[in-house]
Amino acid sequence: MSQPDHKSSTPHLPLDEDGGPVFSAPWEARVFAMTLQAHEAGVFSWSEWADTLGAELAGDGDGSGDTKGYYDHWLNAFEKLLAKKGVVAADQLFHLKEAWDQAARATPHGQPIELDR
Amino acid sequence: MSGHDHDHDHSELSDIELRVRALETLLTEKGYVDPPALDELIETYETKIGPKNGAQVVAKVWTDPDYRSRLLKDATSAIAELGFTGRQGEHMVAVENTPDTHNMVVCTLCSCYPWTVLGLPPVWYKSAPYRSRAVRDPRGVLAEFGITLPAVKEIKVWDSTAEVRYLVIPERPAGTDGWSAERLAELVTRDSMIGTGLAASPQQAKESA
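Protein sequences appear in the order of chains A and B. Heads up: the first sequence runs through residues 132 to 248, numbered per the working numbering. Heads up: the second sequence runs through residues 27 to 235, numbered per the working numbering.
Quick caveat, the hints were computed from the structure, so don't treat them as lab data. Any given hint could be a false lead.
[Claimed, not checked] The list that follows gives simulated cross-link-like pairs (lysine to aspartate or glutamate, DMTMM-like), each with its CA atoms no further than 20 Å apart:
id : chain 1 : residue 1 : chain 2 : residue 2
1  : A       : Lys228    : B       : Asp41
2  : A       : Lys215    : A       : Glu245
3  : A       : Lys228    : B       : Asp163
4  : A       : Lys211    : B       : Asp41
5  : B       : Lys78     : B       : Glu197
6  : A       : Lys211    : B       : Glu38
7  : A       : Lys215    : A       : Asp232
8  : B       : Lys56     : A       : Asp247
9  : A       : Lys211    : A       : Asp247
10 : A       : Lys228    : B       : Glu38
11 : B       : Lys78     : B       : Glu212
12 : A       : Lys216    : B       : Glu55
13 : A       : Lys215    : B       : Glu212
14 : B       : Lys56     : A       : Glu171
15 : B       : Lys179    : B       : Asp163
16 : B       : Lys56     : A       : Asp222
17 : B       : Lys74     : A       : Glu159
18 : B       : Lys56     : A       : Asp203
Predicted model only: the values in this text are computed from it and were never measured.
Bound-form chain B, shown alone (with noise of 0.2 Å):
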């Protein structure tokens, strides 16, 4: 960024700033955009669209049988059912981990990414060494996550398209047993669903409260 100020008196904007008012400009007397319908949209994706929306979708999946059966098989479907939809028309598919697999996802071609369950990206989600690192070499990324599988369990990588969007369902951590849905809700991280972390133990939970 350029962010020097010699001059007081009047404002400055940098060449990335003139591009994009530029754009904004041009595409609003075109009909393309609308300036107050693009500052809903940004509150909306920086305050009410997040990982909370995926971890409601994981904990009903923990608590409801039958929700897991319709996720698993329509996961667009199921994540609507609780007000989730997406507007790319993507495609959703939900992959659940178990005793034998460990599922992460991964967009090698930019960022494809589930926002309408997670929000917008994290910045290493983002970066070229995880993009290129994921499918190469997915244990030595998890253990710069902090976490290490036993070497029996299998770990699958799923590329996101621009098409089909990636949620992972992780496995319910021990010692929850007959807790509410809400309150698991909370044991469910953002990268426990894309697959670079697990759910929080209670202890865990207990910990960073």
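The shape of chain A in the complex, shown without the other chains (with noise of 0.2 Å):
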């Protein structure tokens, strides 16, 4: 089986401690909680979206373990499936993009931003 000393050589784990936080950034929890609502409503199947995160993963390099981008994949594999599906057009995202930054730009420091649509 394994050898003793052969675990220094690969990426060590990142370890946690039971019951840390489930998401480092509020986005993460909203794209989480957006992609189990859009499966929800029928836009794909879990192994169409298992399929599509296991391969933005897989092409994250050598594997060398950047944990913190988990949910940037996620975030790239969900718009990446919703196009495919036919949901979302790059050019509505890149307008809405550009609406949302300039509502942020508009609202004064500490307010909750907003989009007037």
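Hey, can you piece these two chains together into the complex? The hints should help.
As structure tokens, this is what we get:
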């Protein structure tokens, strides 16, 4: 089986404590929850989602363990699958991003940012 | 994260926040997501669904032989008996540790995980080193978690998929005869149900309390 010193030559695991926070930023929670809702609304099957996320993670170089980027991959995968399903178009998202950017800049610091539509 | 803040009189959203807000606006307009329901879902995953659910399942297995048989035969239904049901239509399989066999769970593809009983996966579970090493070198991975198993003990590694998720039933710690299910559940750690840990001994539980 494994050699005792084998582990020192492989990347270490980012160990944590039981009960640590599940999301490191609010946007991670939102994209996670949106994925569940889009699946429940029938936009894609859960296997399609797992395949898309898996492909996205597999493209992550040698997999050296950049776990901070997990939800970045998740967001990429979500955008790709929605585009593939014809649910969102790149130009729509581009314009909405611009609109949100302008809304943020027009909002005094500390106030909730809202989009007028 | 971009944390620069040279201009204090207005707000600023990072590129990633803009992408997420744009998606939410579009999906809401198309009727695929409902913002208040999103908030509720997030709160549920942050506070209500977690390894305590799985610990209840394990403690019931340890104390109720009929439940144990039902769980080993059809884990999805047996877990649903306790009110924990999946949202992705996944099939649950319980794998029981014995004196001869230790079970360990991984998802080499992405991070499929038994959310309904364990909540969202810990950071290391989603990490590339764990996903790649758990199958190749389970003993080395266990050593990093501080677990050394006797060489004669077989280690089985189960690779989760979108359809099948595994729950490890750890061995009941010695010295817990006659304990109630509630008391036993406190010995069941998250890692023991993934197979990267063992259930706490009464002594360990006392020390961490």
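Checked hints:
no.	hint	verdict
1	Lys228/A x Asp41/B	holds (8 Å)
2	Lys215/A x Glu245/A	violated (29 Å)
3	Lys228/A x Asp163/B	violated (44 Å)
4	Lys211/A x Asp41/B	holds (17 Å)
5	Lys78/B x Glu197/B	holds (17 Å)
6	Lys211/A x Glu38/B	violated (26 Å)
7	Lys215/A x Asp232/A	violated (26 Å)
8	Lys56/B x Asp247/A	holds (17 Å)
9	Lys211/A x Asp247/A	violated (27 Å)
10	Lys228/A x Glu38/B	holds (12 Å)
11	Lys78/B x Glu212/B	holds (8 Å)
12	Lys216/A x Glu55/B	holds (16 Å)
13	Lys215/A x Glu212/B	violated (45 Å)
14	Lys56/B x Glu171/A	holds (14 Å)
15	Lys179/B x Asp163/B	holds (15 Å)
16	Lys56/B x Asp222/A	holds (16 Å)
17	Lys74/B x Glu159/A	holds (18 Å)
18	Lys56/B x Asp203/A	violated (24 Å)
Violated hints for the displayed structure, listed by number in ascending order: 2, 3, 6, 7, 9, 13 and 18.
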